[in-house]
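Chemist: Next come the chains, spelled out residue by residue.
2 protein chains.
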Amino acid sequence: FKQTNQGYSNRGMSLESDINVTNTYYLETDQAIIHKKPTPVQIVNVKYPKRSAAVITEAYFKQASTTDYNGIYRNKYIDFEAKETKNKTLFPLANIHEHQIKHMESIIRHGGICFFLIRFSPFEETYYFPAENLFPYWYEKQKDGRKSIPYPKIKENGTIIPFHYQKRVDYLSIIDKLYF
Amino acid sequence: FKQTNQGYSNRGMSLESDINVTNTYYLETDQAIIHKKPTPVQIVNVKYPKRSAAVITEAYFKQASTTDYNGIYRNKYIDFEAKETKNKTLFPLANIHEHQIKHMESIIRHGGICFFLIRFSPFEETYYFPAENLFPYWYEKQKDGRKSIPYPKIKENGTIIPFHYQKRVDYLSIIDKLYF
Ligand SMILES: [Mg+2]
Ligand SMILES: [Mg+2]
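Just so you know, the sequences run in chain order A and B. The numbering of the first sequence is the numbering used here, which starts it at 1 and goes up by one. The numbering of the second sequence is the numbering used here, which starts it at 1 and goes up by one.
Because the hints were derived from the structure by calculation, they are not lab data. Remember, it's a predicted structure, so these values are computed and weren't measured experimentally. Just so it is clear, CB atoms sit at the ideal spot from N, CA and C, and this is done for glycine as well. Possibly wrong hints are sitting among the right ones.
To be verified - Derived list of chain A stretches under chain B, where covered just means 3 residues or more per stretch with a C-beta under 8 Å from a C-beta of chain B:
| hint | segment |
| --- | --- |
| 1 | 28 to 38 |
| 2 | 54 to 61 |
| 3 | 69 to 77 |
| 4 | 102 to 109 |
Unchecked claim - Computed Cβ-Cβ distance ranges for the label pairs, DEER-style:
| hint | chain 1 | residue 1 | chain 2 | residue 2 | range |
| --- | --- | --- | --- | --- | --- |
| 5 | B | His164 | A | Lys177 | 39 to 49 Å |
| 6 | A | Pro40 | B | Pro49 | 46 to 56 Å |
| 7 | A | Glu156 | B | Tyr165 | 44 to 54 Å |
| 8 | A | Pro150 | B | Gln142 | 55 to 65 Å |
| 9 | A | Lys102 | B | His164 | 21 to 31 Å |
Here chain A stands alone, though its shape is the one from the complex (with noise of 0.2 Å):
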């Protein structure tokens, strides 16, 4: 592959598809079994129709009490939340819930690895950065505190992602050598 068409491949694509890129790449090659929980929703009606599939007609998007991935890598259970900022200067705390803090901080209690993947779209960067560091910040937040990490902070304490063409969030190359 030419180098334009990976650079115009990376640019176009949200992290959210990337990461599902990743997760079939990784699934089909047999290094880890991971997937995106589907989006939650509340079902209010459905109809139906005879001789065709049934219809949702009225339902609403609600909370998630979790994450957005999880799933299984070297015997090590991973859950793990994706986060896309257009600032430039740091990440915003502001869509982090208490709940999917305290879900986080049960799952690496009970042995599970557990991050966030966080890419800074004018820079085209995804970094993978684990919970235990995100806590304090959120923890501040609650406190009045910023309501956000600074950009250099998140460079310190998280680790930068390379981009590969089929793993083009090649998180596990991270976890590889964090946990093993």
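Knowing the structure of chain A, use the given hints to seat chain B with the ligands on it.
Modeler: Quick look at chain B with the ligands alone, frame taken from chain A:
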């Protein structure tokens, strides 16, 4: 609680509700973090009314590509499928799909604990049935063999799960015996 109340509660609930009550109890007592995956839905149309929540006005049920539940217990990745039958003599294999079997095989290969919770509702009995013990029956069915597992084989190769008021389907007690 009176015995009669317990009996009443037990009869009234579906396997899924019983598992959800159990998982909530496990979560609140910090024993395990196990959640039901949301129902996968293909969203086709969404309306955004002013001053109120987005409404999904057209969506379809998608076939689940994995299993019903997953999570972590004592450092181990847990993954299972719940199935209820009204049959009194056999457990039908019709609703277990190839991609689910492949998923479960791969979970086991990667070090996870994988099983079925099978309820015979006429007997109010729920069995822990290791995925490994189901695979041979499923492959036999694929080769035009029998399409079900006889009830006595479920008893023989599975473990009956005791009913408790809060731990309605206490499958962790079986995992403790089998894996720890
Ligand atoms: Mg996300
Ligand atoms: Mg089921």
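Chemist: If a hint holds in the structure, say so; if it doesn't, say that too.
Modeler: Verification of the supplied hints:
1. 28 to 38: holds (count 6)
2. 54 to 61: Held - the segment 54 to 61 of chain A has 8 residues with a Cβ nearer than 8 Å to chain B, which meets the minimum of three.
3. 69 to 77: holds (count 8)
4. 102 to 109: n = 4 at 8 Å, threshold three: holds.
5. B:His164 with A:Lys177: 39 to 49 Å: Since histidine 164 of chain B and lysine 177 of chain A have Cβ atoms about 44 Å apart, the given range 39 to 49 Å holds.
6. A:Pro40 with B:Pro49: 46 to 56 Å: Since the Cβ atoms of proline 40 of chain A and proline 49 of chain B sit about 20 Å apart, the hinted range of 46 to 56 Å is violated.
7. A:Glu156 with B:Tyr165: 44 to 54 Å: holds, 50 Å
8. A:Pro150 with B:Gln142: 55 to 65 Å: Holds - the Cβ-Cβ distance for proline 150 of chain A and glutamine 142 of chain B, about 56 Å, lies within 55 to 65 Å.
9. A:Lys102 with B:His164: 21 to 31 Å: holds, 25 Å
Consistency note: the structure conflicts with earlier hint 6 alone.
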